[in-house]
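Peer 1: Chain residues, written in single-letter form:
Protein chains: 2
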Amino acid sequence: MLKRYFPIVEWLPSYDRHTLSQDLFAAVIVTLMVIPQALAYALLAGLPAVTGLYASMLPLVAYTVFGTSRTLAVGPMAIVALMTAAALSGIVATGTVAYSEAAATLAFLSGVMLMLMGVFRLGFFANFLSHPVVSGLLSASGVLIATSQLGNLLGISMSGFTLIEQLAGLATHWQDFNGLTALIGLGSLAFLMGMRRAGPTLRRLGMTATLSGFITKAGPIIAVMISTLLVWAFDLEAHSVAVVGEIPRHLPPLALPSLDPSLIGTLLMPAFLISLVGFIESVSLAQMLAAKRRQRISPDQELFALGGSNLAAALSSSMPVTGSLSRTVINFDAGARTPAAGSFAALGVALVTLYLTPLIHFLPIATLAASIIVSTFTLLDARGLKRTWRYSKRDFAAMLATIVLTFVSGVEVGVMAGVGLSLALFLYRTSRPHSALVGRVPGTEHFRNVERHTTEHDPTVALLRVDESLYFANARYLEDTVYAMVAERPALKHVVLISSAVNLIDASALESLEAINARLDDSQVKLHLAEVKGPVMDQLKQSDFLDHLTGEVFLSTYHAWEALHDEKTAVKPTRDTSSS
Amino acid sequence: MLKRYFPIVEWLPSYDRHTLSQDLFAAVIVTLMVIPQALAYALLAGLPAVTGLYASMLPLVAYTVFGTSRTLAVGPMAIVALMTAAALSGIVATGTVAYSEAAATLAFLSGVMLMLMGVFRLGFFANFLSHPVVSGLLSASGVLIATSQLGNLLGISMSGFTLIEQLAGLATHWQDFNGLTALIGLGSLAFLMGMRRAGPTLRRLGMTATLSGFITKAGPIIAVMISTLLVWAFDLEAHSVAVVGEIPRHLPPLALPSLDPSLIGTLLMPAFLISLVGFIESVSLAQMLAAKRRQRISPDQELFALGGSNLAAALSSSMPVTGSLSRTVINFDAGARTPAAGSFAALGVALVTLYLTPLIHFLPIATLAASIIVSTFTLLDARGLKRTWRYSKRDFAAMLATIVLTFVSGVEVGVMAGVGLSLALFLYRTSRPHSALVGRVPGTEHFRNVERHTTEHDPTVALLRVDESLYFANARYLEDTVYAMVAERPALKHVVLISSAVNLIDASALESLEAINARLDDSQVKLHLAEVKGPVMDQLKQSDFLDHLTGEVFLSTYHAWEALHDEKTAVKPTRDTSSS
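Top to bottom, those sequences are chains A and B. What the first sequence shows, in our numbering, is residues 1 to 580, in sequence order. What the second sequence shows, in our numbering, is residues 1 to 580, in sequence order.
A few of these clues could be false.
Heads up, the list lumps identical chains together, so a pair's fine if it works in one copy or across two of them.
Unchecked claim - Here are the simulated lysine to any residue pairs, SDA-like style, with alpha carbons at most 25 Å apart:
id: 1; residue 1: K533; residue 2: R394
id: 2; residue 1: K217; residue 2: G206
id: 3; residue 1: K533; residue 2: L464
id: 4; residue 1: K393; residue 2: S500
Bear in mind the hints are in silico, worked out from the structure with no lab data behind them.
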């Protein structure tokens, strides 16, 4: 119990000086690297920049205690920040204290939901989104996030959570365009994009892969330093270049978030969707990294840990957090060994907040916007789009619909549509299961599809193999299939349902089987079962179906054939071709 | 094309005098029997009583043209009426013209949705609700409908769409209690309940089963006549006994319903849920009756026909309609042969509206309430509850949750929760598929679960059979299963995935297979496939998975075993027990 909910007790006792030094080194790197990102994502969520720093302290400590991944780093994340802004925009005015309070409430709700889902082991909820839908959602969100920053990049004030709103905002406020801001923004963008590709060049200049890797990842902090210096040196703030400005030099105020019932009512659905998206992102990431180091994570405990992190965020006047890709990759590459690295990074961010925020005053918003835009590149998955198109047109359709809906109606609708489409697609597939009439391969105990193989069959016996579990979505289809088959074969006396691929018969399918049994009985046709799996048989025995069954339950199709077929009417195979 | 959308062209050419006389007879019976019900359901929906008559004219004609069931009778239906009231109650004030107009708009939206679903062949949507959930929904709705009528029965003015609201309404308005109304109401109730059970007594008195059947079903019309006479004779209207009152003596005004965008926006979701519930009720009913007469119906065309009926309802200032159980049973028992009977009944209702409504003036509402309460008895399914409990605790949990939610939050929430629970349950089941390591049954080409059978196996070869299609909900579980297995078996060199029960590999599962392939490769373990079904193989060839696959694709498990196992390491069976 203790180990389940507090994985820290597993690794802390064996924590030694060597691990400490590795974790400390990683924490220093992470602290430096993620400050710009933390500020940027707070702005993306419509919150004061300092909220991003707050979100990078206590939540990290909570994850140290509850998390099962050794290297996952939690904190603000782009898509979650965008969803936070979308959830709050209609309810409270941006920039007000009420807005910040509502963000904390959102983190609180998300935290409670995630923790409860963890306690009830609902980690499988993440499976409700198929990979193509998640990939489409991430790509479309990336584009939305990038376009949302075009205004900050060019000095144009705009907002909007759909592509149309954003483009309309850009078009109508075009006159706000500020040349100096654009120069800094586009300059930062060009620099950051260059840095991303600088790795090979740096290595050619003789650097080790590790060092060149760090320098390329340090792009944002370098851009921040240079642009801050420029703004300070040339007093560009006076020329309408927006800057981060004054940041309060204290630790996050600890307080219970607002629990106003009407606010909670409005935020329940957004909180659920944010939790879902955050969890899926986070757990995929944690699983990928655990696989690299041959470690294992527990999805249910990850839910609990993310819930704890969000509660910590809520109690420290912050915003919803989740496992962040860029943060985690830096942490992993810097050699973090345990979740303690996260707590050390939290300490680092606290020190920065207390002593170094005056340096951030002149940091231009346009540079942060550029760093957000560059970070969205990792979300775009054009290759996935192409692969899915080749592999399955239906999966591709779900993916495309998710992308289009996210563009047109925002991330929330995109997530809901994605879940709906994933499920609808699967249900549609399983609601018309494949089934085949089989016949005996002459001289053997094997039975194969009569359409594909040369088989022996008997017009009085139909051997029907159903290739799917029987459940509510296909129960009616099964009835239709059997009735149609019986209607076509007037000589029929026996129908054998071969259940080798039936892993489940739910209550709906049981009712259909009873209906089939009764209807066939009216036509003097007996219903038999064959190859019923053990667990399915155990469950059938809980009902009185087997008492009413007009026929028998056979162990194998061969037993059924031997017992039912009539030597006089059986037809020897006449087809002389045999395909697969 | 013509035959698909206008099934009338199939039966009309062979329509003869004999069929005509049967249909006419059924129409007369239906007209007489359903008048009280039509009035009652309109009141249940919060509409003027005459709306129920309007809903029993043009919609029936539309069904004659478009319907595929020979005996289904459309019209107002209890649950749909309750849902109509719930949908409109928050938006417009009951009793106003705007309320009636909104009801027509609801019918219009429902009609458009149903028609579109029919055109796009989305009849399988009905499969999204499992039988236990539908049964729970009907039972709970029945109780809600019955309690909603307690006020009318006792002369207490109350309203509410959840059990709590209703009981609170009864409690707070208890002082309205009207003794005379209660006498009529409870008297009618006792009479109707007695009539339902009078069948055996009447037959013992020498009546034929048909005649006694009709007399028992005529209960409501007899109760209506007697109570109307009493109210008229003793002028009970002056003693605060509520009556139907003046009914306009004209045919329904034909008009386009209000298409106010904000009204439509609010009604979209209720319209969808009403369509879903109405369709499920109607199509189950039609299928049951078609089965009795060895006819077939087309669910997709039924959607189209119900859509047409609702459009007809909308254009004639009426309310949402669907296939009605009680109406249909009367029609079927009265011997209707074709949908023409519906049109004749529509004519009958029109004649009643024009010439006989003055007779209805003194009909007490309490009697109508009693007839509604009695009609809900057919919705209660206590036996289903017990059966489901015995057969499957999970299905029972979904059923119970649907019932509780319907009581607490109303029918709309009940439907949505029902759909959600049905799906969640199924996904949960398939997200953890059964899988088994199999070994060779000595001396044969058969492979069975090593846990259950005496088999020959090889520590370097794992033969893993997965008993489920591989799709997004279980893709991650498959990865976990394989990794856990490999971690336990250090000697492993080959993993063979036996795919005989895999009917589908979707894009998510493909990614998981690729991840498994790569990860096993890291550990010098080869991944092979065996018994891949034809269509699955065809789809795999659309991706480059097979190019990267470290192992081979074998036709059968036996082929894989022969190629991979090592005579030196293979272990002959040592267990001497053999179970099923």
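Peer 1: Against which earlier hints does the structure fall short, listed by number upward?
Peer 2: none
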